[in-house]
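Enquirer: One-letter residues, chain by chain:
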Amino acid sequence: MAISEDMHRVAHHLQQKAVAAAVNERDSYARSCYNRYYYSVYLECRQMLSGMDSSWASLSHAGYPALLGGKIKRNFQAERKKAFKNHDSDLVNIIDKANRSIAELQKIIIKANTTRVVADYEPDEKVDFVGADRFSLRSINVTEAHGWTNSVRTHCKTISSAWRQSNA
Amino acid sequence: MLSSVEVLNELEGKGIRPVGLPVQNPDKHDSYLIFLRLSYNKDGNAVPSKRKMDIALKHLESKGIEVNVALIDEKASDLDRAVAALLAEKFFASAQSSVFSLARGEGLISINLSEGVGDAEIAEMEQAVREFLKLLGISTLRFIFLTPRPAATTTAFIGMLRKHAPVSLDKLGQELVKAGFEQPTEAWMRRTLDRWRKKGVLYRRSDKRFVLTLAGLNQFGTKRNRTSPDITRALAAARQE
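As given, the protein sequences belong to chains A and B, one line each in that order.
Using the working numbering, you'd call the opening residue of the first sequence number 204 and step up by one each time.
Using the working numbering, you'd call the opening residue of the second sequence number 36 and step up by one each time.
If you are wondering where the hints come from, they were derived from the structure by calculation, not from laboratory data.
It is possible that part of the hints are untrue.
For lysine to aspartate or glutamate, the following DMTMM-like pairs were computed, each having C-alpha atoms within a straight-line distance of at most 25 Å [stated by the list, open to error]:
{"id": "1", "chain 1": "B", "residue 1": "Lys110", "chain 2": "B", "residue 2": "Asp89"}
{"id": "2", "chain 1": "A", "residue 1": "Lys300", "chain 2": "B", "residue 2": "Glu141"}
{"id": "3", "chain 1": "A", "residue 1": "Lys300", "chain 2": "B", "residue 2": "Glu156"}
{"id": "4", "chain 1": "B", "residue 1": "Lys63", "chain 2": "B", "residue 2": "Glu101"}
{"id": "5", "chain 1": "A", "residue 1": "Lys285", "chain 2": "B", "residue 2": "Glu101"}
{"id": "6", "chain 1": "B", "residue 1": "Lys213", "chain 2": "A", "residue 2": "Asp256"}
{"id": "7", "chain 1": "A", "residue 1": "Lys310", "chain 2": "B", "residue 2": "Asp113"}
The structure presented is a predicted model; accordingly, all values stated were derived computationally and were not measured.
Starting from the given sequences, assemble the full structure and let the hints guide the process.
Expert: Written as structure tokens, this is what we have:
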């Protein structure tokens, strides 16, 4: 079982605790829940990056979007050019899709991190509890946060698959 | 450094209205994080447009402030959940998970497949999602079907041959599986090797093992970093000695 999966379970547990908790406690549970959902995203990305290049395992989380949009994208561009020259249309197609996944992954990382920063550093901004089992922070619904790990895992799979194909 | 309120005023001056006040980025100096809600006009284009966002961000960059934007795209989130529900209902055993995203009116659906899902079922899945999203006004779609063991592309195949050369057909098949690729059929491997041999990329030795020719090495190029296939090969050769 991947460590990000464990973290996701902890986040989900905190989510359930938040909706069941007393009014004076639920805000703290909800904040911790967003923090853990972010951490699960980070661990999923870290696992992908360390599989692609072991030196990326120690990179700080703030550098992930830049690495994806910089070195990794440039590598794909160079490999796509080569694949096109060698008439490998399958690889061209795979890299095009991976580039789109890179853009989506960057969006999720930034969104998860921004939500985490609000949860951790803006205690005056209260979590908005809506209905019996849902809440949101700065318009980020917890249902969306719950989906981050799965989305990130799928995008990471697309990117690492393209990496494996072009760097075999 | 500009304050949160000043950054907000600058953004609003460029027609960008974030959700709440910009938040200072604790990991970076002179950096703010904002949430921005996306909506769609009747032509299906996102509002605010990417161009408008870029202009506002460049404007702040010229004042020494970096702004990272977290997009709130409720339409894409709703569609993501709807596609996941459709797949869970109709293809429970075949589709493990999915993710939908929307960019410039084009939808991208990535579907994680279970082991052994055939082409017919993949086509059925694609058709079902296409029909469903067409009803919701999304007709330009791209699909990514992620299999547990993808088939090696020509580049991966030649790359593996290069790393393990001189290599026999059997050994090459084993190495591909070891690297996480699907076991290719012998017929496919023979056809592929023959095609590249005729192009002068490969050479078949008298012991029926294959190597890349100089022309092949040049055509498939190399890299000047740790992922270089030539370095991997040199290290593997050293280990064998």
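Enquirer: Does each hint fit the structure? Answer for all of them.
Expert: Hint by hint, here is what the structure shows:
{"no.": "1", "hint": "Lys110(B) with Asp89(B)", "in the structure": "holds, 22 Å"}
{"no.": "2", "hint": "Lys300(A) with Glu141(B)", "in the structure": "holds, 12 Å"}
{"no.": "3", "hint": "Lys300(A) with Glu156(B)", "in the structure": "holds, 21 Å"}
{"no.": "4", "hint": "Lys63(B) with Glu101(B)", "in the structure": "holds, 9 Å"}
{"no.": "5", "hint": "Lys285(A) with Glu101(B)", "in the structure": "violated, 35 Å"}
{"no.": "6", "hint": "Lys213(B) with Asp256(A)", "in the structure": "holds, 18 Å"}
{"no.": "7", "hint": "Lys310(A) with Asp113(B)", "in the structure": "holds, 17 Å"}
Of the numbered hints stated above, the single one contradicted by the structure is hint 5.
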